[in-house]
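One letter stands for each residue in the lines below.
2 protein chains.
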Amino acid sequence: MDIDFQKLLDGVLNKDVRLTSRAITLVENENPESVSMLKKLFKHTGNAKIIGITGPPGSGKSTLTDKLAKAARHQGKTVGIVAVDPTSPFTGGAILGDRVRMQEISTDPGVFIRSMGTRGQLGGLAKATMSAVRVLDAYGCDYIFIETVGVGQSEVDIIKLADLVCIVLIPGMGDDIQSIKAGIMEIGDIFTINKCDREGVERLYTELNMMLDLRDSSEVRPPVLKTIAQTGEGVSEMLEEADKLFYNMKESGKLQKRRKRNLKIEVENILTSIFVKKVNKVAAETGLMDDYADKMSKKESDPFTVAEDILNKL
Amino acid sequence: MDIDFQKLLDGVLNKDVRLTSRAITLVENENPESVSMLKKLFKHTGNAKIIGITGPPGSGKSTLTDKLAKAARHQGKTVGIVAVDPTSPFTGGAILGDRVRMQEISTDPGVFIRSMGTRGQLGGLAKATMSAVRVLDAYGCDYIFIETVGVGQSEVDIIKLADLVCIVLIPGMGDDIQSIKAGIMEIGDIFTINKCDREGVERLYTELNMMLDLRDSSEVRPPVLKTIAQTGEGVSEMLEEADKLFYNMKESGKLQKRRKRNLKIEVENILTSIFVKKVNKVAAETGLMDDYADKMSKKESDPFTVAEDILNKL
Numbered sequence: 609m610d611i612d613f614q615k616l617l618d619g620v621l622n623k624d625v626r627l628t629s630r631a632i633t634l635v636e637n638e639n640p641e642s643v644s645m646l647k648k649l650f651k652h653t654g655n656a657k658i659i660g661i662t663g664p665p666g667s668g669k670s671t672l673t674d675k676l677a678k679a680a681r682h683q684g685k686t687v688g689i690v691a692v693d694p695t696s697p698f699t700g701g702a703i704l705g706d707r708v709r710m711q712e713i714s715t716d717p718g719v720f721i722r723s724m725g726t727r728g729q730l731g732g733l734a735k736a737t738m739s740a741v742r743v744l745d746a747y748g749c750d751y752i753f754i755e756t757v758g759v760g761q762s763e764v765d766i767i768k769l770a771d772l773v774c775i776v777l778i779p780g781m782g783d784d785i786q787s788i789k790a791g792i793m794e795i796g797d798i799f800t801i802n803k804c805d806r807e808g809v810e811r812l813y814t815e816l817n818m819m820l821d822l823r824d825s826s827e828v829r830p831p832v833l834k835t836i837a838q839t840g841e842g843v844s845e846m847l848e849e850a851d852k853l854f855y856n857m858k859e860s861g862k863l864q865k866r867r868k869r870n871l872k873i874e875v876e877n878i879l880t881s882i883f884v885k886k887v888n889k890v891a892a893e894t895g896l897m898d899d900y901a902d903k904m905s906k907k908e909s910d911p912f913t914v915a916e917d918i919l920n921k922l
Numbered sequence: 609m610d611i612d613f614q615k616l617l618d619g620v621l622n623k624d625v626r627l628t629s630r631a632i633t634l635v636e637n638e639n640p641e642s643v644s645m646l647k648k649l650f651k652h653t654g655n656a657k658i659i660g661i662t663g664p665p666g667s668g669k670s671t672l673t674d675k676l677a678k679a680a681r682h683q684g685k686t687v688g689i690v691a692v693d694p695t696s697p698f699t700g701g702a703i704l705g706d707r708v709r710m711q712e713i714s715t716d717p718g719v720f721i722r723s724m725g726t727r728g729q730l731g732g733l734a735k736a737t738m739s740a741v742r743v744l745d746a747y748g749c750d751y752i753f754i755e756t757v758g759v760g761q762s763e764v765d766i767i768k769l770a771d772l773v774c775i776v777l778i779p780g781m782g783d784d785i786q787s788i789k790a791g792i793m794e795i796g797d798i799f800t801i802n803k804c805d806r807e808g809v810e811r812l813y814t815e816l817n818m819m820l821d822l823r824d825s826s827e828v829r830p831p832v833l834k835t836i837a838q839t840g841e842g843v844s845e846m847l848e849e850a851d852k853l854f855y856n857m858k859e860s861g862k863l864q865k866r867r868k869r870n871l872k873i874e875v876e877n878i879l880t881s882i883f884v885k886k887v888n889k890v891a892a893e894t895g896l897m898d899d900y901a902d903k904m905s906k907k908e909s910d911p912f913t914v915a916e917d918i919l920n921k922l
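Each protein sequence line maps, in turn, to chains P and Z.
Per my numbering, the first sequence starts with residue 609, numbered consecutively.
Per my numbering, the second sequence starts with residue 609, numbered consecutively.
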């Protein structure tokens, strides 16, 4: 199959929905030629506000993202949503439910929704996610939401690639604030208490604020918001808050700093991905790995020695 | 701090509990010198039965692992448990509860329990897990259980490194069988329906068997077992079944084949880990990454071009 990447690139830049969809599919599938397209795309990116949305299962992230997208659409903005599947082999009802719910807005041509599934490869999911984000950015999306359930190391790594991270919590999650590991609190720029019609909101609100007060005072104190995504309550206020934060981050230089950090991580993901592919290719072509596996099986070698051997050969 | 790795190695081989604990801690922390110990250890490994236990949150994996360990202890066997923390930033009650429950058996000197937490690095968690398993194997553990909640790409990758994978399910998980993605069914060697005192057991049992009947008939058909881990019902039968399977896998050559495959994956994890460290080191020392980030910021370059540049430099 011959793919005309120049045509796809032009399609993206000219806001052709069909060609943009196609372009995203190709970068998702890591089509080798799509790299040249991504390289050319890059200089047309940087205008979208990339917002990461994460939270525990059942916190209503998808509904919230859906409603944020609608709020942005009301302002005439275009929206991209990249939903990162938790790649759980056991999907509970919630995850399947989310996907159905998302389809509610998927008929709106001003909203692009992509669901990223499993990538068999280290760093692959993060790489594919960011590549999809770049295409949506070049296409001209004003907002791009990266949504992922906060489970698994790789998923957390992905959400950090956004410009701004929103942590969604709900009242009554067992030990509430104690149940959130330290690491995640530090990456949150906005905290949203969703399902605010439930009991325990005030307690969570107070605890969250107390915890955030203890953070480094030289940093901007993240706001704690309240929403009921189901009814849309507090959603447009949340979008406003995000806009305000973007403005401040831009003014203070923090946005540029964070984007630089994220670009470095993106390069690392790409490097790892290239490296792993190279290793696999060399190993497959030469039957090298089979020989090594035999040797290790017989205890004539061990995984660390083999790894060093291969490194020397590359 | 000077660490005598020869002494640690001798300690492990002489079944010194304190020194073995120490050795595991060092390999977990990826102490660079621990590599030489792991290399020397390797030829003393291969005797343990490495069993992976996974399942959705709330399926009672930890209790089941705990009870399997006890059953093995009753036969005078020694047991290692490597519990891989799902590294979720949002720990629900269940995960914290598991850990407390595990402490019940942690006072038994014939059982080693290690909990593996977050590793900030690609492939790092899998590498650290397998290194801990190797130490426990060399120490002389008869059974080593790798237990992980089935969420997140990395966690699934880890469970595949076991000799034998047991998938734990419970009745009443919403759509039951439909909620399990195809990929996980294929890696299961044993299916256990836990919490069999609940409603819906027979339906799940029938559905599972029907699904497994559709699998490739040249493969051994995995057994479907029933347990109530809480009371211990069916647990010793499960251990027996696992032993039977090990015996058959050994006889048919399947065990050796799978171990070879797993050794290859282990090498890949080590390679990636070395590579990522190398990249980070070069980047940090030369300030290379900062220059690249500046260039990318100004759209004078892009992540793919930078990655290729760095690869050429390495």
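No wet-lab data here; the hints were simulated from the structure.
Warning: the hint list may mix true and false statements.
Note that identical chains are pooled: a pair holds if it fits in a single copy or bridges any two copies.
[To be verified] Within a straight-line C-alpha distance of at most 25 angstroms, the following computed BS3-like cross-link-like pairs (lysine-lysine) qualify: (1) K648 to K921; (2) K678 to K872; (3) K651 to K872; (4) K889 to K678; (5) K678 to K862; (6) K906 to K858.
Okay, the hints, checked on the actual structure:
no., hint, verdict
1, K648 to K921, "between (33 angstroms within a copy, 23 angstroms between copies)"
2, K678 to K872, "neither (32 angstroms within a copy, 48 angstroms between copies)"
3, K651 to K872, "within (16 angstroms within a copy, 40 angstroms between copies)"
4, K889 to K678, "neither (45 angstroms within a copy, 44 angstroms between copies)"
5, K678 to K862, "neither (28 angstroms within a copy, 54 angstroms between copies)"
6, K906 to K858, "between (59 angstroms within a copy, 15 angstroms between copies)"
Hints 2, 4 and 5, counting from the list given before, are not met by this structure.
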